[in-house]
Structure formats: structure tokens, C-alpha cells
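Chemist: Here is what each chain is made of, one letter per residue.
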Amino acid sequence: MELLLFKHNRPNRPVTFAEYRDEGGFQALRKALSGMSPGDVQQTVMDSGLRGRGGAGFPTGKKWSFVPRDLPGPRWLICNCDEMEPGTYKDRALLEQNPYSLIEGMTLACYALGVRHAFIFIRKGYEKAARNLSQAIAEAKEAGLLGERICGSEFSADIDLHLSAGRYICGEETALINALEGKRPNPRSKPPFPAVKGLWNGPTVVNNVETLANIPAIIAKGAGWFKGLALNPEGAGTKLFCVSGAVANRACFELPIGTPLGEIIDGPCGGMRGAKKFKACIPGGASTQFLTAEHLQVPMDFDTVAKAGSRLGSGGIVVFEEGQCLVAATLNLITFFARESCGWCTPCREGLPFVKEILQRIEAGRGEERDLGLLREHIKYLSYSFCALAPGAMAPLEGLLTHFEDEVREHIVKGGCPFKGQGGNEISW
Amino acid sequence: MIPDQLKNSLLSRVAEAVTPREAAVDVMKELQLHYGWLTDEAVGEAAHILGLSTLQVEELATFYELIYRRPVGRQVIHVCDSISCWCADCDGIIDHLKVRLGVELGGTSADGMFTLLPVCCMGMCGDSPAMSVNGTPYGRLTPELVDQILELEGTKLR
Chain A
6 MELLLFKHNR
16 PNRPVTFAEY
26 RDEGGFQALR
36 KALSGMSPGD
46 VQQTVMDSGL
56 RGRGGAGFPT
66 GKKWSFVPRD
76 LPGPRWLICN
86 CDEMEPGTYK
96 DRALLEQNPY
106 SLIEGMTLAC
116 YALGVRHAFI
126 FIRKGYEKAA
136 RNLSQAIAEA
146 KEAGLLGERI
156 CGSEFSADID
166 LHLSAGRYIC
176 GEETALINAL
186 EGKRPNPRSK
196 PPFPAVKGLW
206 NGPTVVNNVE
216 TLANIPAIIA
226 KGAGWFKGLA
236 LNPEGAGTKL
246 FCVSGAVANR
256 ACFELPIGTP
266 LGEIIDGPCG
276 GMRGAKKFKA
286 CIPGGASTQF
296 LTAEHLQVPM
306 DFDTVAKAGS
316 RLGSGGIVVF
326 EEGQCLVAAT
336 LNLITFFARE
346 SCGWCTPCRE
356 GLPFVKEILQ
366 RIEAGRGEER
376 DLGLLREHIK
386 YLSYSFCALA
396 PGAMAPLEGL
406 LTHFEDEVRE
416 HIVKGGCPFK
426 GQGGNEISW
Chain B
138 MIPDQLKNSL
148 LSRVAEAVTP
158 REAAVDVMKE
168 LQLHYGWLTD
178 EAVGEAAHIL
188 GLSTLQVEEL
198 ATFYELIYRR
208 PVGRQVIHVC
218 DSISCWCADC
228 DGIIDHLKVR
238 LGVELGGTSA
248 DGMFTLLPVC
258 CMGMCGDSPA
268 MSVNGTPYGR
278 LTPELVDQIL
288 ELEGTKLR
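Heads up: the sequence lines are chains A and B, in that order.
All you need for the numbering used here is the position in the first sequence, starting with 1, plus 5.
All you need for the numbering used here is the position in the second sequence, starting with 1, plus 137.
Note that these hints are calculated values from the structure, not bench results.
Here the structure is a predicted model, which means the values were calculated and not measured.
We treat Cβ as the ideally placed atom computed from N, Cα and C, and that holds for glycine.
Some but not every residue of chain B turned toward chain A, in silico, with C-beta under 8 Å:
#  : residue
1  : 156
2  : 158
3  : 159
4  : 160
5  : 161
6  : 197
7  : 200
8  : 202
9  : 203
10 : 204
11 : 219
12 : 220
13 : 221
14 : 223
15 : 262
16 : 274
Capping the alpha-carbon separation at 30 Å, the derived lysine-lysine pairs in BS3-like fashion look like this:
#  : chain 1 : residue 1 : chain 2 : residue 2
17 : B       : 166       : B       : 144
18 : A       : 67        : A       : 226
19 : B       : 144       : A       : 188
20 : A       : 146       : B       : 166
21 : B       : 235       : A       : 133
22 : A       : 188       : B       : 166
23 : B       : 166       : A       : 133
24 : A       : 146       : A       : 36
25 : A       : 195       : A       : 385
All chains, please: the whole structure from these sequences, using the hints.
Modeler: Now the structure itself:
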């Protein structure tokens, strides 16, 4: 298969600027600046079928097209590298190996969108990625590929890093914009959407790391080529799948979009750890519904996973084996969301701890039949929250009740966890 | 009071920013590095440097995991308890850390060396269970490895 994002990777060290350049790096930027209009670049991205790799899967070209062409004043591009969705480490894997595709992709996006100044918003803990990016920015500037009059053209663009101090909600694009402005990072109401009124009230595009890192290859080789990389007819491109949990080989792999779930687990992951049996997985980070053994044939693409009742999300696959308690696993996930709720709106701030308490009760053997109804009600009520955090938190719970209701009921009937239980941790201050 | 050199470097960071408060997180981090935690004095200094009220700094400071508004040990251990680490028995690692340091989560060891905090996903899921000590990430933890890391990180400061 053809690699795109991991193409330049070296074993045990990041690729160098010279290596990236000699392997065709920055050719897409030169091509765009010498013979394509910004509109051509935007159209190529639109035609490629590229969908946002951060979790929501929104078509990138379409997102770009929402930016009004004629508004005066600066417009902004933000790369979202606030990768804090549990189970997700693909952007770290990418940037620790190769920061250049992102820098080239962002420069191309700046050109397509008419952006002079772009930011990369980096989560805490990704200092190595940040160092690589700092170096890549300096090298690109030195080579005339970033900064003033790029490649001798009329086009200029700069990229700055913003190193965050750690909070999950910052990955939500309007919260991220507040964070970048130095405001308390609660989400903003939409509309107005960032494409019209975002950073410092200017038109703003927020794209994920992996999304932007795909742009150079799309421009260099064309939309048709990119589409052809996928295994399923409606798919486009490759995807970084970062796998963790109960598999033998836990790592991040670049695979064609549409690779069946079971092939990822049996192939690059080397099957289950200790030859245990697959029980379930969350396919795209903490805020996605469980998939079960009956879903192993599902092609891993946005619409196909949605049809199976979950979401492709970030591509962070967390695998569970037979014998693992999914009530406890869901309790762990809800504990995370309850702690990370920004507290801005009531359904999320109050609802998540309440759901957590119910799950704790069930896991501890003090659950009652009526708790099942309470949980279902809360899936509904938490959808009235201000942003997508609480509905995302309800996804694994909904999956638990859809596919493993018997297991939840068994906890209630037996008055305890039928498996060896593990739960969330309480902070003591 | 912060040294003039630090103050000047913070002022120039603010001057480079698109708007002063864009630099707020950087300023809080630097002040915390100086004081060990973001003291009330530091909040006041940050407000002055950023042209914000202390309340505006406070509402930022209390939002972020990495900004400490109460005293911490010389080293802060962030141990991940999110789903991938849970699958790799982070609970066992956390219990081991609690016993070794003689603290509950949120506590600081009696010698003032380590503060133990749970943290959400570090992006180390492929190398779970994971923790970081003053920002240095460690993965594939076992109780034995945790002991070695505590020894190593403890010696760094001696």
C-alpha cells in the first residue's frame, strides 16, 4: 500500500529537513505558488474528498469554503494539536516523526485561504512535537518556504506555536479560540461560526494536524490519486489509526481509509494480547460508541462506522478483551468527562457526575433496575448541553446500553461486578 | 518580587503577542517556574504584566491542569488514569505510587519532593500505563520501573 503521512518516517528518529525536501517535500508548495490560484488549491482539496481527521469528519474543502472571500481585516488559520481525546495519539506519532508535512500543509492552507498568520495550538505534554515544529518552522523560513515572499512569490505567511497548559475542552474549536486569545477556554455559542467570526472576531479555520498534513500530497498528486488510496468506493485517503488496550502490538499505523476493523486488529496489531478473545472496542476515541465482535467486518471510514452505530472519530481504537468489565470501562470514560467538563453549562456540569454516581453504584453492586431508565434519560438530557462534550460522553454509555445491557443487568441482579472490577480515581482535594 | 531579567523577558513576550493576553498562559507558566506554583503574588504580577485584573488571571489559572494555585512538591507526578492506561492497570500503578510516596492523589510526600496528581490522557496510549514527572513522560510502567524513576528523579534535585 502507498503511504502518505508516514512516507518519510525513519526508524527511531525524526526525518530531517533535507531528507523531506529530497523526497519530494515542498514540491506541492512550489507547484501551487507557481501555477495554481488560491481557488485552485481550495477546489483540489474539495475534490479530494478529504474529511477532518480530528474527530468530526467534516469535509475540509467545504469548511474552507465557508470563509467569506470579501471580508476586510485579517483572517486566521489554527492547527488544532490539542490531542487529548483518550485513546488518541496519532498527531503525536506524526509530529514526533515528521513536522514538515504539517508546516507545508499549513502554508498551502494559508495560501488557499488568504491567511497571513497561522497558529499551531499544542497540548501540554507534547513538548517533543513542539520542538520539532519550532525547528521545522525555522528551517522552512531559512529556505524561503515560509515567512516573507515565499519562493519568491507575492505570498507571505507565518506560523506561531501556542503551548497550552492542559485541558480537554481546549480541543473544542471555539474553546480553543478563547484559549488562544488568553480568555478562559469555555466554548462560544455557534453561530456565528468561526469561519465568519472566530479568532479576534476574524474569519478563522480550525483544522486538525492530520488533516493539514494530508494537503501537500493532495496538491502534489491530485484529488483523484488521493481518493484512490481508500479501500471503499466512497472513501478518500489514508488514516492514522492509533491502537491501544488489549492488542498484542499497540502502535499507530497509517492504513487506507476503509480498512476493516478486524483486519487492523489481526494485521498490524498482531491480534489480541495473550490470545484472548475480542469483546469490544471504542473505534475513535473516548466519545465514540462501542463496536462489538459483530462489527469486525466494518470498513473504517466515516459513513460506514456511523452506519454501524458509532463514529470513526479520531481513529483512536481502544480494544477490550473478554473478561474486561464494560460497566467499569464506561465508568472510567464518564469519570474522565466529568472531570474535564468546563462547568459552563448545567447539563454537562451536573449531569456527568450524576451519571458517574449511577455507574459507580451499579459497579459496586448497589444498582437497581430503575438505574437503567435513569441512565437512558440522561443520555437524552445531556444532549441539551452547550457544546459537544456531554453528548460525546454519552456515546460510550449509549453503546454500553445498546450492546451490553445484559452485562449491566447482571451487575444489578448479582449485586456486584461479575468481573474483577476497576473504576475511576477520586482526587482528594 | 520577580527578578528584573524575568520581568523584562515576560514584558517582551507580551509585546510580541497579537494582543497582550494572548501571552497569558506563557506568562503564568514562567511565573510558576520561578515560584514553584502560581502564588497570589504571582497572580498579581501576571495581572500587572498582562494588563488584566487579578480576577481575570485567576479565572485562567484555575482552568488549566498545569497551573498550580496551591503549593506542590519540587516534582509533580501526573499519572494518567484515562481509558487506555486503565486497560493497562493504571490503578495498580497509582496504588503503588500512593504507598511509595505515602500520599493520596493530590497529596505531597512528607519530604516535599513529590506531588501526585491524576491526569487525563497524555497521548501515551500506545505505551500505557504512563505518567510524567515534571514534564518528562514515562510509559510501559511497572511497579519496579516506577521505583527506579522515583529514585532517578529524586537524585536529579539532590
